[in-house]
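Visitor: Residue-level listing of the chains:
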Amino acid sequence: MISQVRVDDRLIHGQVAVVWTKELNSPLLIVANDEAARNKIMQMTLKMAVPTGMKLLIRSVEDAIQIFNDPRGSNKRIFAIVNSVSDATKIAKNVQNIDSINVANAGRFDKSDPKQKTMLFHSVLLNPEELTAAQELAALPQIKAYNQVLPNNPRLDLKEALSKLLE
Amino acid sequence: MKKKFLIASHGKLAAGLQSSLEILANKGKDVEIINAYLTEEDYTPKITAFTTSVQADEQGVIFTDLFGGSVNQKVVNQVLAAEKKNIFVISNTNLAIVLSLLLSPEDTFTIESISAAIRDGQVTLVSLALPTDKVDEDLNEFF
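In the order they appear, the protein sequences are chains A and B. Counting in this note's numbering, the first sequence runs from 1 upward without gaps. Counting in this note's numbering, the second sequence runs from 168 upward without gaps.
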């Protein structure tokens with residue numbers, strides 16, 4: 001099962017490697033990202049960020065979905081990391097057994113026009129496509145989606161935040 | 168067991184580490200700091216206040232910036248004068264060791280456990296050679 005799908009525009013970094021891996025007690029880490037799956041330099045830096053004792057796979061989103069559905073993983077705790085809400089939504093639509101989706105940090109490095117972005121949470125800036133993906137994600141009945149940057153921050157519900165935007 | 172942490176440095180390194188801890192782990196408030204020599208004020212009483220605050224059923228860890236430096240010397244002097252075995256002093260401090268101990272699930276620090284954390288948090292020369300082998304582990308090995 002997936003203990004958490006984390007949306008983080010820095011993928012694996014200090015908050016993730018040091019803090020969340022401890023919190024979630026998930027020694028299996030999968031980065032689901034098309035760019036990382038073909039970029040050797042990104043793969044090298046991501047590997048540096050992984051704490052000892054943890055296993056890492058770096059796969060395209062499509063390949064990762066197959067792994068998430070692999071029966072061998074059903075009784076293991078897998079921590080999945082993506083860098084956009086769109087990728088998280090794609091995974092949520094195609095994988096059962098996801099405990100929750102944490103839209104933690106997003107949209108700061110996507111190079112799209114800052115004027116087009118909506119701030120949904122403190123460190124979550126969504127361009128129009130990402131905002132649409134967030135709405136689709138929040139509409140999935142089986143998925144618990146929220147924003148929680150660090151374990152000792154409060155969980156802010158995605159659906160609630162989106163409905164506040166419309167007010 | 169309750170733990171107390173103090174970082175003491177020449178200038179603002181202690182405040183800088185505290186700022187990083189806050190961003191990384193929301194733990195800035197879990198450390199006390201001494202930024203020494205920014206003013207002429209004697210900072211020894213702040214060290215003493217910390218050592219005094221560590222109760223018998225607690226542990227204290229003091230991080231200093233430079234082994235053998237004056238801040239470290241003052242800290243060692245105060246800890247020895249306080250005659251407390253439950254306070255550890257770490258020097259040549261980096262962010263990795265502070266984070267590691269702040270987030271440690273261990274109930275009780277020992278010389279061994281702290282030494283192991285220090286080994287894991289060493290200053291490192293980063294290899295910039297791209298790996299030639301398969302970059303990630305085989306799927307069979309993963310599960």
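Honestly, the hints are just simulated from the structure, not real lab data. Heads up, a few of these hints could be off.
If you only want the chain A side, here are some residues facing chain B, beta carbon under 10 Å, derived [unchecked claim]:
{"hint": "1", "residue": "R72"}
{"hint": "2", "residue": "A139"}
{"hint": "3", "residue": "N152"}
{"hint": "4", "residue": "R155"}
{"hint": "5", "residue": "L156"}
Think about it this way: if two alpha-carbon atoms lie no more than 20 Å apart in a straight line, the pair counts; the simulated PhoX-like pairs of lysine-lysine are [said to hold, decoys possible]:
{"hint": "6", "chain 1": "A", "residue 1": "K55", "chain 2": "A", "residue 2": "K22"}
{"hint": "7", "chain 1": "B", "residue 1": "K194", "chain 2": "A", "residue 2": "K22"}
{"hint": "8", "chain 1": "B", "residue 1": "K194", "chain 2": "B", "residue 2": "K241"}
{"hint": "9", "chain 1": "B", "residue 1": "K241", "chain 2": "A", "residue 2": "K22"}
{"hint": "10", "chain 1": "A", "residue 1": "K90", "chain 2": "A", "residue 2": "K159"}
{"hint": "11", "chain 1": "B", "residue 1": "K213", "chain 2": "B", "residue 2": "K171"}
Just so you know, these numbers come straight off a predicted model, no measurement behind them. Every residue, glycine too, gets a C-beta built ideally from N, C-alpha and C.
Visitor: A separate judgement is required for each hint: does it hold in the structure or not?
Guide: Each hint tested on the structure:
{"no.": "1", "hint": "R72", "in the structure": "holds, 4 Å"}
{"no.": "2", "hint": "A139", "in the structure": "violated, 31 Å"}
{"no.": "3", "hint": "N152", "in the structure": "holds, 5 Å"}
{"no.": "4", "hint": "R155", "in the structure": "violated, 14 Å"}
{"no.": "5", "hint": "L156", "in the structure": "violated, 15 Å"}
{"no.": "6", "hint": "A/K55 to A/K22", "in the structure": "holds, 14 Å"}
{"no.": "7", "hint": "B/K194 to A/K22", "in the structure": "holds, 15 Å"}
{"no.": "8", "hint": "B/K194 to B/K241", "in the structure": "violated, 26 Å"}
{"no.": "9", "hint": "B/K241 to A/K22", "in the structure": "violated, 35 Å"}
{"no.": "10", "hint": "A/K90 to A/K159", "in the structure": "holds, 17 Å"}
{"no.": "11", "hint": "B/K213 to B/K171", "in the structure": "holds, 14 Å"}
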